[in-house]
Every structure is written in C-alpha cells, then in structure tokens.
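Q: Given next are the chains, with one letter for each unit.
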Amino acid sequence: MVSLVRRIGFSLAMGGVILVWVGPFFWMVLGSFKPRESIIANELVLRFTPTWENYDAIFSRHAFWTYTANSFLVAIATTVVTVAASILAAYALSRYRAGGRLFEFWLMFTRMLPPATLLIPLFLIFRTLGLINTLTGLVIADASFLLSFSIWLLRGFFDEVPVGLEEAAACDGASRMQSLLYIVLPVAAPGVTATVILSLIFAWNEYLFAIVFASATASKTLPAAANDFITGYAINWGPVFASGVIIVLPVGLAALLLQRYIVRGLTLGAFK
Amino acid sequence: MGSQQLLRLILTLGIWIGVLAGAWGAVWSLLPPGPPAVLLSAAAFVALYLALMLRLGDAYLRFTLLIPAMALLLLVTVVPIAFLTYLAFFRVTILNFRSHWPFVGLENFVTVFRNDPLFLPTLVRTLELLVLGLLFQFGLGLGMALWLNRRVRFESLLATLILLPMMTNSIVVGMLWKHLLNFYNGLLNLLLGLVGVEGFPWLTTTPIEFIAALPAIGPWLVEHLNANYAFLSILVTNTWQWMPFMFLLLRAALRSLPAEPFEAARIDGATAWQTFWFLTLPLLKGVIGVVLLVRAIDILKTFGMIWALFGNATVTRVMPIHIYTVGIQSQDYSQGAVLSLLLAMVSVAVYWTFQRSFGRPVLARD
Numbered sequence: 001m002v003s004l005v006r007r008i009g010f011s012l013a014m015g016g017v018i019l020v021w022v023g024p025f026f027w028m029v030l031g032s033f034k035p036r037e038s039i040i041a042n043e044l045v046l047r048f049t050p051t052w053e054n055y056d057a058i059f060s061r062h063a064f065w066t067y068t069a070n071s072f073l074v075a076i077a078t079t080v081v082t083v084a085a086s087i088l089a090a091y092a093l094s095r096y097r098a099g100g101r102l103f104e105f106w107l108m109f110t111r112m113l114p115p116a117t118l119l120i121p122l123f124l125i126f127r128t129l130g131l132i133n134t135l136t137g138l139v140i141a142d143a144s145f146l147l148s149f150s151i152w153l154l155r156g157f158f159d160e161v162p163v164g165l166e167e168a169a170a171c172d173g174a175s176r177m178q179s180l181l182y183i184v185l186p187v188a189a190p191g192v193t194a195t196v197i198l199s200l201i202f203a204w205n206e207y208l209f210a211i212v213f214a215s216a217t218a219s220k221t222l223p224a225a226a227n228d229f230i231t232g233y234a235i236n237w238g239p240v241f242a243s244g245v246i247i248v249l250p251v252g253l254a255a256l257l258l259q260r261y262i263v264r265g266l267t268l269g270a271f272k
Numbered sequence: 001m002g003s004q005q006l007l008r009l010i011l012t013l014g015i016w017i018g019v020l021a022g023a024w025g026a027v028w029s030l031l032p033p034g035p036p037a038v039l040l041s042a043a044a045f046v047a048l049y050l051a052l053m054l055r056l057g058d059a060y061l062r063f064t065l066l067i068p069a070m071a072l073l074l075l076v077t078v079v080p081i082a083f084l085t086y087l088a089f090f091r092v093t094i095l096n097f098r099s100h101w102p103f104v105g106l107e108n109f110v111t112v113f114r115n116d117p118l119f120l121p122t123l124v125r126t127l128e129l130l131v132l133g134l135l136f137q138f139g140l141g142l143g144m145a146l147w148l149n150r151r152v153r154f155e156s157l158l159a160t161l162i163l164l165p166m167m168t169n170s171i172v173v174g175m176l177w178k179h180l181l182n183f184y185n186g187l188l189n190l191l192l193g194l195v196g197v198e199g200f201p202w203l204t205t206t207p208i209e210f211i212a213a214l215p216a217i218g219p220w221l222v223e224h225l226n227a228n229y230a231f232l233s234i235l236v237t238n239t240w241q242w243m244p245f246m247f248l249l250l251r252a253a254l255r256s257l258p259a260e261p262f263e264a265a266r267i268d269g270a271t272a273w274q275t276f277w278f279l280t281l282p283l284l285k286g287v288i289g290v291v292l293l294v295r296a297i298d299i300l301k302t303f304g305m306i307w308a309l310f311g312n313a314t315v316t317r318v319m320p321i322h323i324y325t326v327g328i329q330s331q332d333y334s335q336g337a338v339l340s341l342l343l344a345m346v347s348v349a350v351y352w353t354f355q356r357s358f359g360r361p362v363l364a365r366d
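Note that the protein sequences, when read in sequence, are chains A and B. Going by this note's numbering, 239 is the number at position 239 of the first sequence; the sequence numbering is gapless. Going by this note's numbering, 317 is the number at position 317 of the second sequence; the sequence numbering is gapless.
In isolation and in its complexed conformation, chain A is listed as follows (with noise of 0.2 angstroms):
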C-alpha cells in the first residue's frame, strides 16, 4: 500500500517535471499553429484551427529559406574548420604533450572569456577586412571560439584510445599520421562524433556574432532574423513561435536521436 502511494507520487513528481520542461516546447509548437486571433485572445484557448500562416509569413514575407541556408552553411563551415584544426591540435596534447603552459593556459582562457568581450576589436578588424556582412567572418569568429573547446573534448577522447595499438601500427611501419588517421580516429569514432555534434549545435545556435557580423538579408542567420521579431516596436508572436519552431527543430531531433553522442561529450567535456 505504502509503495503505491510512493509510486503514484513519484509519478505525478516526474510528470509535473517533465511538464515544466516540455510545456513551453509544447505551447511554442501549438502558438506557431495559431491563428492571430487565437494568440492574443486573453484566455486559455486550447482549440483552435490550425493554420499555416504564420510559417507562410515567416518563409514568404521575409527571407527565411536563405537564412536557414546561411545558418545550415554556418553551422557545416564552423564545424569543418574547426574538427580539422582540433583534430590535429588535440592529437599533439594528447600524444606529445606539446604546446606547452602558455598554450594550454591560452586555450583554457579562451574558453572562460565571453565573446562579447571580443566584439569590439572583431568588428573593427572584420570591417577592415571587408568581413562584415559575410558568412566567411561568422565562420571565422565562430570557429576560434569554439576550437578551445573542441580541443579540449578530442583530447580527453584521444587519451582513451591505448597507445599499444599505435605503437603496433609503428612497429608495421605506419607513420604518425598514418596511425592519426587510421587507428586513432577510428576507435576514437564515438568522441569525434560528439564533437561533431557538438560544434554544430552551438554554431548553429550563435547568435551574438551574427547579429554583429552578419546582420545584411544576404548573411543572415535564423537566430538574427529572429531577433528582428522581438526588438521590434509590438510583436507580432505567431511568426515569432515559427521562427523559434524552425531554429529549435534539428537540435530537437539531434537531442532524440544522438543524445548518447550529446551527453557524452558534455560530461566529458565539463569532466576532463
């Protein structure tokens, strides 16, 4: 009797938790849904036709179809730069133990320091370089903020991967690189995959940069366009919610289907 009732509460607990955290998703899911009357009526209102005009608006009236293509290309341009650089970089640490303090203590400060503290000399550099406006300069502030800690995450993956097994490679006359390639990154799959993941959620999701860097209709990304709703003088909410449907959808699908990679690479991350 006693561990019914316990049961039952613990149930009732969990799902009341679960509704705090899915709750918001769920009403920005249904907002996005919602004909314009039905979303600044002063009530509950729960039913409704559905619609598809605030995803009509937001694709039509405004350029969503090239911001989403501009974040798709950030995100992929991010990524590639920085796995490349990290991979390379993580696998000296690892196995050489090269760099040295000031390098370490470099990329350890880079990864505590805010960006916005960075916006200012960027923005003068970037203009003078002709970078404002254009995806290559996201790309590239993004990409050095994040390196620091994709360095630091393929580290800590590359120290699991037993050196017995490169030192095999070597005695069959397998160069270092040959070994990186063939032998490390293979067995150390899961972890660069973590951090493929990784790094492509969080550009996908900057946004400070791009509204700085790249707020021309050309450069862009899903987080500026929807920026734009909110400082606007009133809000209109129901391409608000659309837009927002848009941004949260892959990272959502990312959180259902990799989330043994996602919660992987932040333990380690956060661990190591």
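It is possible that some hints are incorrect.
Stated by the list, open to error - Listed next, with one range per pair, are the computed distances between beta-carbon atoms: (1) MET345/B / PHE72/A: 35 to 43 angstroms; (2) ALA216/B / THR217/A: 49 to 57 angstroms; (3) LEU165/A / TRP277/B: 38 to 46 angstroms; (4) PRO258/B / TYR96/A: 55 to 63 angstroms.
Stated by the list, open to error - Derived list of chain B stretches under chain A, where covered just means 3 residues or more per stretch with a C-beta under 8 angstroms from a C-beta of chain A: (5) 224 to 231; (6) 274 to 280; (7) 292 to 304.
Since the hints were derived computationally from the structure, they do not count as laboratory data. Every residue, glycine too, gets a C-beta built ideally from N, C-alpha and C.
We have chain A already, so just place chain B on it with the hints.
A: Okay, now just chain B, sitting in the frame of chain A:
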C-alpha cells in the same frame, strides 16, 4: 632534439612563412578586402601547411600539428585582445576612427567609473545573476539528481527532454519566456488565473512585494540589488534552461560513485542527512567544482536570453549587453574596450576563485 634538427626546423619554418607572406601579399594587392581575398589566403595557408607537413615528416609532428589551431587562436583571439588593450588606452570612437587616435592613459577607465552611471549597477547585476543563478540551478539540480539517483523508466526519453532546453538557442528561450511571462495573456498568469491567483507583473520592474516589505533591508534590496520581477524573470528563465545541465552532470557523477562507502554508512546506521553531508558531498566535491565553474563562466557570457526578454533596457542590462550597446551601437570603441577588459578580468577572477576553493585546477588536467 639535436641542434641540427632545430636549425632545420627554424630554416624550414622561416622559408615557409616567407612564402606564405608572399602569397598573402600577392592576394591582398590583387584583390580588394573581402571574403574572396580571405578565402584565397586561407587556401594558400592550407596548401602550404600540407606541403610543410609532408616535407618535415614525423620528426617535427609535435610542432606542425599545432600550427592550424595556433594560427586561428593567434588571429582571432591574441591579436584582438592586444588590439582591445590598445583601444582601452587611446581615445577611439566612430568620429576619429579614420584619423588620429590620441593616447589618453587611464582616462577611459576613469570615465567608466566616474561618468557611466550604468556601469556599477550593471556589474552588480551581472555578479548577482552569477551568484543567485548558480545557487538556484545547483540547488535544484542537485536535489533532482539525488531524487532520481537510480534507473528510471523511460530513461532515454528523460535524457532527451533534459537536453532540449540547454540545446535550445538562448534567443528562442528568451522569446518563448517573454510570451509565457506576459502579464495579460502569458501562459503562467493564465494558469495562475485558473487556480484563482492574480497574475504577477513578471516583465516589469515592480518590486517583489514580500522582499520590499522586509524591515530595514527591504527597500535597500529593491534599490540596489534588483529585487524586482524583471530580474526574477531572468533568474527563472536562466534556471529553467540550465538546471537540467546541473542535473545531468551531477546525476552522472552520483551514479558513478562506488557503492561500498554507502553500504558501510548504512550498516553503521548513518541517517540519510549524515550520509549526504559526510559522504556524498565530499565524494562529489571535485565534480561540483567543475559544474559550478562551467556554469559560472556561462552565466558571465549570458546575452541572448536577456536580450530577447528585455533588449538593452538599462534596468536589466548585464555586462555583455552593456558592452554591445556602448561599443557597437553607440560606436564608442574605447569605452567598450574598457568594459570588455573589466569583464574579462571578472571571468579570470571567478576562475581563480573556483580554483582556490576547490583545491585543484578544475578545468586543467595535470
């Protein structure tokens, strides 16, 4: 490494840097500044880098492997920080950016402390958000981790739901909560209305009644320490988004603790409270230090969530928003640079504090 080897390294690197500089100069003299020139330079860099790797081979790998990461960090963090420091000691705004930059010494710092009425309140608010945010998120996260410290049904579903808020763009989180906390038709006030409670003016600077009513310190807290609904909204939103992170990491740590000490404590008849205080907490100390530090650093970076909730309203500003407003919107580069330097110092100070109080370098590995 022999001196001959070192000589070879230096010579090769020298020649290589020369070629790179040549290629770079050629690109920049032929093309106007812009993405094509930058991308071509980058392509030249990558090609020369691969050639250098092949030429120097395995013996120099410990140096060559670090070159791309170092180059990126040098160009996009070291140079900007040097430039930032430079800006802080000169007088540079949009007005004289293309002409002479006068050296002013510490004048910019003095201006920030004396003539910027928003600086101190903003700094206090940032630190207050840091302390209270950590407290809320850690307390709730640890509580929930202790509660769910076992295998539960729908484990993987729970993980997905937990991951969603922290993987969601902060701007979207801010937008969403701006709607949920709306006074007239926000979900929260509507739900409160259903149970007969009058809604709260979440997104306004109305003082929180019970704090304002505290004898003696109440008005002071309202005046100087943001005891208002707007700040509470920021705290609630931030906690909603990041408490799951604490929960996730603390639960992972709890579940990886050895079972024997707990077994022994149970046999010795320790109460649940004693077990927690004298066993769980000390065993978790290192992990707690890490999660607190990671979150502390992140809270200092907070921008999008508050930006979406309140824009650059002066009463809810934190340091990153103040930097953005002063340095980018008002184009006062020197003032912005001073604020940036101060924020960077706060970050370093927070890092050192954690390193000191948790005994070992928590982010660094030996």
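Q: For every hint, state whether the structure bears it out.
A: Hint by hint, here is what the structure shows:
{"no.": "1", "hint": "MET345/B / PHE72/A: 35 to 43 angstroms", "result": "37 angstroms, holds"}
{"no.": "2", "hint": "ALA216/B / THR217/A: 49 to 57 angstroms", "result": "55 angstroms, holds"}
{"no.": "3", "hint": "LEU165/A / TRP277/B: 38 to 46 angstroms", "result": "44 angstroms, holds"}
{"no.": "4", "hint": "PRO258/B / TYR96/A: 55 to 63 angstroms", "result": "34 angstroms, violated"}
{"no.": "5", "hint": "224 to 231", "result": "violated (count 0)"}
{"no.": "6", "hint": "274 to 280", "result": "violated (count 0)"}
{"no.": "7", "hint": "292 to 304", "result": "holds (count 6)"}
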